[in-house]
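Colleague: Whenever a hint applies, use it, and build me the whole structure from the sequences.
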Amino acid sequence: MKFNNSFIDAIELDENSLTKKESFSKKVLPFAQIKFINNSLIEIELYSGFEICENKVEQLIQECLLLTENKPALALIRVGEYVTFSPKAMTFSATPEGKKACIAEAYVINNLGHQIIGNIYLKVYRPAKPVNIFRSEIKAKEWLNTFHNN
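Residue 256 is where the sequence shown starts when you use the numbering used here, and the numbers rise one by one after that.
Everything labelled a hint here was simulated from the structure, so no lab data went into it. Mixed in with the good hints there might be a few duds.
[Said to hold, decoys possible] Using 30 Å as the maximum straight-line C-alpha spacing, the simulated DSBU-like pairs for lysine-lysine come out as follows: (1) K326 x K394; (2) K282 x K384; (3) K394 x K290; (4) K282 x K394; (5) K311 x K281; (6) K355 x K394; (7) K326 x K384; (8) K282 x K326; (9) K343 x K355; (10) K384 x K290; (11) K355 x K311; (12) K355 x K326; (13) K378 x K343; (14) K343 x K326; (15) K290 x K355; (16) K384 x K355; (17) K281 x K355; (18) K311 x K394; (19) K281 x K394; (20) K311 x K384; (21) K282 x K355; (22) K384 x K394; (23) K282 x K311; (24) K282 x K343; (25) K343 x K384; (26) K378 x K311; (27) K378 x K326; (28) K311 x K343; (29) K281 x K326; (30) K290 x K326; (31) K378 x K394; (32) K326 x K311; (33) K281 x K384; (34) K290 x K311; (35) K281 x K343; (36) K290 x K378; (37) K378 x K355; (38) K343 x K290; (39) K343 x K394.
It should be emphasised that the depicted structure is a prediction, and the values quoted were computed from it without experimental measurement.
Modeller: Structure representation (structure tokens):
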């Protein structure tokens, strides 16, 4: 990967790279994996086939806050195939309480169904903090870069 001195690119170097040492802490849950990278970025991978309900959103928030020592961070969320979100999960996650672990969230989705649900979430639930939906992880990280040090 090319290094251009932007915040997110700096933490995206290959693990074997001699250019930059990446530090991270990680938590594995039955439905997701959370990484806190270089004390700046939360990466969440939602595993394929799970329904994300309000309790799971609350658990994700608690685990993120433990990893970040209660400091909000930028969040990159990869949504696996066949992941569904309950209406209560979407309602809660749009509130200030549901966003307390993050500064901004970038969702990376890989299918039209998730894109439609994401757009509904943005328009109907109107999240309390910046949220955007992307099909490209590179674009998502570029967008998150705009919030670094804000």
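Colleague: Run every hint past the structure and note whether it holds.
Modeller: Each hint, compared with the structure:
1. K326 x K394: Between K326 and K394 the Cα gap is close to 24 Å, so the pair holds against 30 Å.
2. K282 x K384: This hinted pair holds, its Cα atoms lying about 24 Å apart.
3. K394 x K290: Measuring from Cα to Cα gives roughly 19 Å; hence the hint holds.
4. K282 x K394: The hint holds at about 25 Å.
5. K311 x K281: holds (17 Å)
6. K355 x K394: holds (24 Å)
7. K326 x K384: holds (15 Å)
8. K282 x K326: holds (16 Å)
9. K343 x K355: Holds - the C-alpha atoms of K355 and K343 are around 17 Å apart, at most 30 Å.
10. K384 x K290: holds (21 Å)
11. K355 x K311: Holds, at about 15 Å.
12. K355 x K326: With Cα atoms ~9 Å apart, K355 and K326 stay inside 30 Å; holds.
13. K378 x K343: holds (16 Å)
14. K343 x K326: Given that 30 Å is the threshold and the Cα spacing comes to 25 Å, the pair holds.
15. K290 x K355: holds (17 Å)
16. K384 x K355: holds (9 Å)
17. K281 x K355: holds (19 Å)
18. K311 x K394: Holds, at about 27 Å.
19. K281 x K394: holds (24 Å)
20. K311 x K384: holds (19 Å)
21. K282 x K355: holds (18 Å)
22. K384 x K394: holds (19 Å)
23. K282 x K311: Between K282 and K311 the Cα gap is close to 14 Å, so the pair holds against 30 Å.
24. K282 x K343: holds (24 Å)
25. K343 x K384: Within the cut-off at roughly 18 Å; holds.
26. K378 x K311: Status holds; Cα separation ~22 Å.
27. K378 x K326: holds (27 Å)
28. K311 x K343: holds (11 Å)
29. K281 x K326: It holds: about 16 Å lies between the C-alpha atoms, which stays within 30 Å.
30. K290 x K326: Since the Cα atoms of K290 and K326 sit roughly 14 Å apart, the hinted pair holds (cutoff 30 Å).
31. K378 x K394: holds (21 Å)
32. K326 x K311: holds (20 Å)
33. K281 x K384: Holds - the C-alpha atoms of K384 and K281 are around 24 Å apart, at most 30 Å.
34. K290 x K311: With Cα atoms ~16 Å apart, K290 and K311 stay inside 30 Å; holds.
35. K281 x K343: holds (27 Å)
36. K290 x K378: holds (28 Å)
37. K378 x K355: The given pair, whose Cα atoms are some 20 Å apart, holds under the 30 Å limit.
38. K343 x K290: At roughly 25 Å apart (the allowed maximum being 30 Å), K290 and K343 satisfy the hint.
39. K343 x K394: holds (29 Å)
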